[in-house]
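Sequences and hints are given; from them, build the entire structure.
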Amino acid sequence: MNADGSMTGVSSAEMIDMHSPGGHGGHAGAMFREGRSVDNGFNGFDPTDVLRDFDWGRTSKLPDGRTLREWDINAIDKELEVAPGVKFPAWTFDGRVPGPTLRAKQGERLRINFGNGSAHPHTMHFHGIHPADMDGVPGQGAGLIQPGESTVYEFESEPFGLHMFHCHAEPLAEHIARGMYGTLIIEPKEGRPPADEMVMVQAGYNTTFDGQGNELYFVNGIPFAYMYEPVKVKKDQLVRLYLTNLLEYDPINSFHLHGNFFDYYPTGTRLEPSEFTDTIAQVQGQRGILEMRFPHTGRFMFHAHKTEFAELGWMGFFEVEE
Amino acid sequence: MRDGEGDSALSRMPLWAMALGVLAVVAAVLVAIGSFGGDTLPERKGPPIENLAVEKTVLEPGQIDLSIRNAGPDEVSVAQVIVNDSYVNFSGGGTPIGRLGEETLSLSYPWIEGNPYEIGLLTSTGVVIPHTIEAAVETPEAGGDFLLSMILIGLYVGVIPVTLGMLALPLLRRGGRRWTSALIAFTVGLLGFLAIDGSLEALELSALGSGVFGGDALVFLAAGLAFLTLSGIDAWMKGRRRKSEKAGASGWQLALMVAIGIGLHNFGEGLAIGSAYAVGELALGSALIIGFAIHNTTEGLAIVAPLASEKPRIRALLGLGLIAGGPAVLGALVGGSVSSDEIAAALIGIGVGAILQVVVQLIPAMKDEAGRTFTPVSTAALAAGALALYLTGLLVTV
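Chains as they are written, first to last, in the numbering used here: chain F, 1 to 322; chain R, 323 to 720.
Check each hint, because a few of them may be wrong.
Unchecked claim - Derived BS3-like pairs: lysine-lysine, alpha-carbon spacing no greater than 30 Å straight-line:
| hint | chain 1 | residue 1 | chain 2 | residue 2 |
| --- | --- | --- | --- | --- |
| 1 | R | K560 | F | K87 |
| 2 | F | K235 | F | K61 |
| 3 | F | K105 | F | K61 |
| 4 | F | K235 | F | K105 |
| 5 | F | K105 | F | K306 |
| 6 | F | K234 | F | K87 |
| 7 | F | K78 | R | K378 |
| 8 | F | K189 | F | K235 |
| 9 | R | K378 | F | K87 |
Just so you know, the hints here were simulated from the structure itself, not pulled from any lab data. Bear in mind the structure is a predicted one, so any value in this text is a computation, not a measurement.
Structural data, given as structure tokens:
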């Protein structure tokens, strides 16, 4: 861990004590060696910043008066520290895993200037409603974007809701599993009630590249990150969590919240929740919006309720404060 | 070739100077290849080759200790450890492990007795090196109790039965030359079986090891060295006897060589028992102890076979019993603490070499009055010896 490392707030030793309520023979539960976390400085991104980092892009007016919203996104090969002492040759959008969280409003024109700075051909495939040549798959429209080349993807911001984008080059599973995915949030016209908003992208790293499951599971790029640096929220405040699942090689992911329930809006395409629950499942590409208020202060775990994924890194804490 | 000047200059040079000259040339060429040769060849492509062998697993409540060795060509860093699909806290192995380097990892994990565990060592490059614990059982501590158990096991299966076997000596003496050669044939059959059995066991064990020290080759090397060493000792003893003009006293010498050979074999036997006990895989029932005892009583018989025509000396006989049986105690102690399957295999290989050497020595002693080695009686006795060990061996599968 670097000097400006990720251990703000609580020391790892405190976390380990807290995590182990005693009576387990000193075993403090699933964790990395000595409760260490990765070097966010080396990676160039911090999972805590990724949570609330919404990229609204830059806007201009089209001749018809509508808003054009525009982003520049680059594919970059980057070695990441995915667990303390473990390096992974990731392929990324803009040098981070997950890629940026793009945010737009319903009724806008969206333009993505994509440059491929990676050594491999890539595409950007968006989930949404758009023409075939803007689908970002090989053989259609611009097709595969070769290293050093670029293209422009342009489409309407529809439908409103929570969407995702990922590379669609072959071999597809590996291009996604290497880290090439991100989030696209489209606001409904009427907006949503004000809330403490955050995004979590579920995924994994198959560090052995054998395509047989993953060695590491996480939200927002770094396993156990929110165990060591809990997600801070305020008591009684509305929390809105944009949750997507980009996990490869394993069929189903899930999200479970301790000590609380949440309203669930599948894909975020309706303004009425479908369910009030504490556990939901998502297959690959599935996503939804969770809304909750914490009536109690303290630490509440959240994790995949597939325990294997949880203990291989996909777990964290909310820390509720007054 | 024979032109006078140069030849005579060379021949006048002292031998040591010539040897030094040759060495200097060889060294210079090797240094040159070492320094510049590497650059003339392409570098190896592809990722590092990471290979770790878990040589010993020690389980204590809430903790699993793994002794690991780098058995591959490249450096390995163990970054994280997975036990049954969960990352666990651990200490040790904080620095990269070089080729042949050793490390001990202490894993904090609340294991449950009898459960299997799949351990994954996640290296700095993301490779997962697996290790399986078939059934978790607490490892006995190498304290006083353990020491006492191992000494007792060694006595039961080694010293006592071998000494018991020697009680057959009075019978032998009554039987005469024909019986003696038959009994020696029986011994050869018995030892031949032990040699094969030991070889198989050593190779089986070496297959479990990392192979970093040569694996099977190390077993054969150990056997060969043991054979040569004992041959040398035997030749040296014969030479001394000739000097002291006691050419007739070879019965005791033969018995001593048999005792040493069997002793080295019993070391291997103790090793197997000790290591099985240490990992909790040994059911120390009375059936096993009795099985080993019967098995090893035949070995006592083998030792006294060459002594049929010698004067019995009780202290010397007890000494032979100790030489043949005592190493079982030692083997059990070592087996309970030795950390490498490969080393254990090599130790058993030593026993095999020793036994083969004894067989070579005993074959001339099989001759009957007419000087024939293979007679109907001796071949039957050979077969009986092999069968005796095979059958008693069935009682004792560790």
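Going through the hints against the structure:
| no. | hint | in the structure |
| --- | --- | --- |
| 1 | K560(R) x K87(F) | violated, 66 Å |
| 2 | K235(F) x K61(F) | violated, 40 Å |
| 3 | K105(F) x K61(F) | holds, 14 Å |
| 4 | K235(F) x K105(F) | holds, 29 Å |
| 5 | K105(F) x K306(F) | violated, 35 Å |
| 6 | K234(F) x K87(F) | violated, 35 Å |
| 7 | K78(F) x K378(R) | violated, 38 Å |
| 8 | K189(F) x K235(F) | holds, 29 Å |
| 9 | K378(R) x K87(F) | holds, 28 Å |
In terms of the numbered hints stated before, the structure departs from hints 1, 2, 5, 6, 7, listed from lowest to highest.
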